[in-house]
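Chains A and B, in that order, are what the protein sequence lines are.
Final position of the first sequence in my numbering is 281; the numbers increase by one with none missing.
Final position of the second sequence in my numbering is 382; the numbers increase by one with none missing.
Bear in mind the hints are in silico, worked out from the structure with no lab data behind them.
All values reported here derive from a predicted model rather than from experimental measurement.
Careful, some of the hints might be misleading.
Simulated crosslink set (DSSO-like; lysine-lysine; CA at most 30 Å straight-line) [as the list claims (entries may be wrong)]:
no., chain 1, residue 1, chain 2, residue 2
1, A, K101, B, K151
2, A, K258, A, K275
3, B, K235, B, K151
4, A, K62, A, K32
5, A, K100, B, K151
6, B, K235, B, K177
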Amino acid sequence: MIEVKGLSKRFGTTQVLTDINAVFQKGKVNQIIGKSGSGKSVLAKCIVGLHVPEEGQVLYEGRSFHDMDRDEKKLIRQEIGMLFQGSALFDSLTVLQNVLFPLQMFATMSKSEMEDRAHTCLKRVNILEKDHLFPAELSGGMQKRVGIARAIAMNPKYLFCDEPNSGLDPQTSIVIDDLIKEITEEFGTTTIVITHDMNSVMETGENIIFIHHGRKWWEGGKDDLLNSDNKELNEFIFAGGLMRQVKKAMTGRS
Amino acid sequence: MGIIGHIGRYALLLKETFSRPERATIYWRRTLEEMDLLGLKSLGIVGLLSFFMGAVITIQTKTNIDSPLIQAWVVGFATRQSTILEFSPTIIALILAGKVGSNIAAEIGSMRVKEQIDALDIMGVNSAGYLILPKILASMFINPFLVMVSMFLSIFGGYIAGTATGIVGSTDYLQGIQTNFIPYHITYALIKTVVFAFIIATVSAYQGYYTQGGTREVGISSTKAVVYSNVVILIVNYALTQLLLI
Ligand SMILES: Nc1ncnc2c1ncn2[C@@H]1O[C@H](COP(=O)(O)OP(=O)(O)O)[C@@H](O)[C@H]1O
Ligand SMILES: [Mg+2]
Numbered sequence: 028m029i030e031v032k033g034l035s036k037r038f039g040t041t042q043v044l045t046d047i048n049a050v051f052q053k054g055k056v057n058q059i060i061g062k063s064g065s066g067k068s069v070l071a072k073c074i075v076g077l078h079v080p081e082e083g084q085v086l087y088e089g090r091s092f093h094d095m096d097r098d099e100k101k102l103i104r105q106e107i108g109m110l111f112q113g114s115a116l117f118d119s120l121t122v123l124q125n126v127l128f129p130l131q132m133f134a135t136m137s138k139s140e141m142e143d144r145a146h147t148c149l150k151r152v153n154i155l156e157k158d159h160l161f162p163a164e165l166s167g168g169m170q171k172r173v174g175i176a177r178a179i180a181m182n183p184k185y186l187f188c189d190e191p192n193s194g195l196d197p198q199t200s201i202v203i204d205d206l207i208k209e210i211t212e213e214f215g216t217t218t219i220v221i222t223h224d225m226n227s228v229m230e231t232g233e234n235i236i237f238i239h240h241g242r243k244w245w246e247g248g249k250d251d252l253l254n255s256d257n258k259e260l261n262e263f264i265f266a267g268g269l270m271r272q273v274k275k276a277m278t279g280r281s
Numbered sequence: 137m138g139i140i141g142h143i144g145r146y147a148l149l150l151k152e153t154f155s156r157p158e159r160a161t162i163y164w165r166r167t168l169e170e171m172d173l174l175g176l177k178s179l180g181i182v183g184l185l186s187f188f189m190g191a192v193i194t195i196q197t198k199t200n201i202d203s204p205l206i207q208a209w210v211v212g213f214a215t216r217q218s219t220i221l222e223f224s225p226t227i228i229a230l231i232l233a234g235k236v237g238s239n240i241a242a243e244i245g246s247m248r249v250k251e252q253i254d255a256l257d258i259m260g261v262n263s264a265g266y267l268i269l270p271k272i273l274a275s276m277f278i279n280p281f282l283v284m285v286s287m288f289l290s291i292f293g294g295y296i297a298g299t300a301t302g303i304v305g306s307t308d309y310l311q312g313i314q315t316n317f318i319p320y321h322i323t324y325a326l327i328k329t330v331v332f333a334f335i336i337a338t339v340s341a342y343q344g345y346y347t348q349g350g351t352r353e354v355g356i357s358s359t360k361a362v363v364y365s366n367v368v369i370l371i372v373n374y375a376l377t378q379l380l381l382i
């Protein structure tokens with residue numbers, strides 16, 4: 028479980044996040060939703076310690092990340108897997124080498140055990156047959172899968188996914204969403220998914236927080252989502268006509 | 137950010153770069169790769185440039201001191217001295233700042249904008265150390281070899297130009313390049329080379345590491361890497377010359 032308490036972040040004079048409080052639960056797909064530029068990625072980066080917030084705390088199982096010393100932070104980081112918006116695979120390494128990378132850096136296992144582990148992860152995301160290719164030779168969807176394989180290589184307790192289905196076709200999006208959900212349930216990870224894709228919110232969202240102008244504007248489950256009377260949330264959800272029809276079909280109201 | 141800010145951030149980056157590596161074997165392997173990438177791949181341009189540089193020095197020296205009062209071996213002597221003291225260490229450093237420096241900044245900069253550096257940090261890898269240290273070590277190790285090759289080829293280029301055009305006799309040139317040889321001058325040149333290698337690798341890595349934005353900014357960082365490396369090299373060149381030769 029990860030808790031965020033009173034977190035604020037600014038860059039220079041621009042206030043990006045203001046007083047965010049949230050709880051992200053274990054074994055669930057927790058979602059952060061909001062418009063582009065609302066501060067979702069910055070929030071995720073504050074949680075994992077890539078950005079240092081001016082105020083507030085991030086607690087991993089009740090322990091404040093900020094108060095940990097360098098070595099403790101390193102240990103927590105080895106328990107974090109992150110899938111980046113652009114996959115962030117290392118260009119000069121093959122698919123297999125990308126997944127092996129965290130293992131070679133940190134794992135205390137033999138070379139063949141590392142290779143077994145990497146193969147298991149690649150098989151889990153159904154991309155084992157591409158293991159010798161370089162990232163540039165893969166489609167966006169395949170890159171995301173490799174990104175997931177690399178993120179789960181070290182058996183993370185915490186899994187972060189920044190817009191896992193941006194730039195993917197709807198079908199591939201669903202495959203990736205399902206994969207994240209399955210992995211979360213299988214390994215009991217505390218998963219945080221950033222998205223602005225309503226499809227995946229309805230598909231996988233369990234514990235959702237909505238960020239608007241750097242503030243937590245709303246939180247709830249996906250069932251509450253369609254019936255909320257929060258104006259900005261409704262504008263966000265029903266920006267596309269499709270979701271309006273979904274609501275109509277589900278509730279009989281428009 | 138002002139110049140003081142940059143210097144401070146540069147110093148912090150260096151501190152980070154030289155902190156304890158996670159897996160020494162991986163760093164070592166990366167250093168070997170970088171030697172190939174940053175060093176051996178520059179051999180061609182360094183060789184070509186040095187050969188013609190030496191040829192030009194010889195011809196210019198001869199045409200400038202063409203007087204019956206000056207002995208014939210002086211041309212070879214002057215070619216050797218200017219090659220060893222200044223042309224090979226400094227000009228080659230400036231060339232490498234252009235070739236290797238822009239490469240380092242572009243590589244690290246694009247890793248930054250594509251969030252690959254974040255990915256390293258998230259894993260708990262010391263990204264500065266992992267990316268930059270091998271480049272520093274490789275450059276400081278391989279550049280002295282490049283410069284020695286350059287010295288040899290420059291003096292050889294002078295020999296070919298001098299004898300082919302007939303302006304300097306073969307024995308005069310060979311006598312000249314052996315006259316008054318001071319081994320310390322080689323040491324001086326290699327000290328400069330190692331310092332310049334450090335400057336090229338670190339200044340360029342700094343520019344790349346703190347790139348913000350997208351591909352356009354990577355291009356800007358790469359240009360800045362070359363410009364700042366050159367400026368710093370020229371200033372340090374002056375300081376070292378005063379320090380080591382006077
Ligand atoms: N490193 C940074 N320096 C300055 N401003 C930043 C930085 N990262 C993000 N921002 C700003 O913070 C705001 C939120 O960005 P972000 O969290 O990436 O949005 P999104 O919700 O689309 O992920 C944006 O206005 C962006 O310009
Ligand atoms: Mg984002």
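Verification of the supplied hints:
Note on A:K101 and B:K151: the hinted pairing holds, with a Cα-Cα distance of about 18 Å set against a maximum of 30 Å. Proposed proximity of A:K258 and A:K275 is supported: the alpha carbons are some 17 Å apart, at most 30 Å. Restraint check: the Cα-Cα separation between B:K235 and B:K151 comes to about 26 Å, which is no more than 30 Å; the hinted pair holds. Taken as a hint, the A:K62 and A:K32 pair is honoured in the structure, with Cα atoms around 22 Å apart against an allowance of 30 Å.
About 18 Å separates the Cα atoms of A:K100 and B:K151, which keeps this hinted pair within 30 Å; it holds. Distance check on the hinted pair: B:K235 and B:K177 sit about 10 Å apart at the alpha-carbon level, within 30 Å; holds.
In terms of the numbered hints stated before, the structure departs from none.
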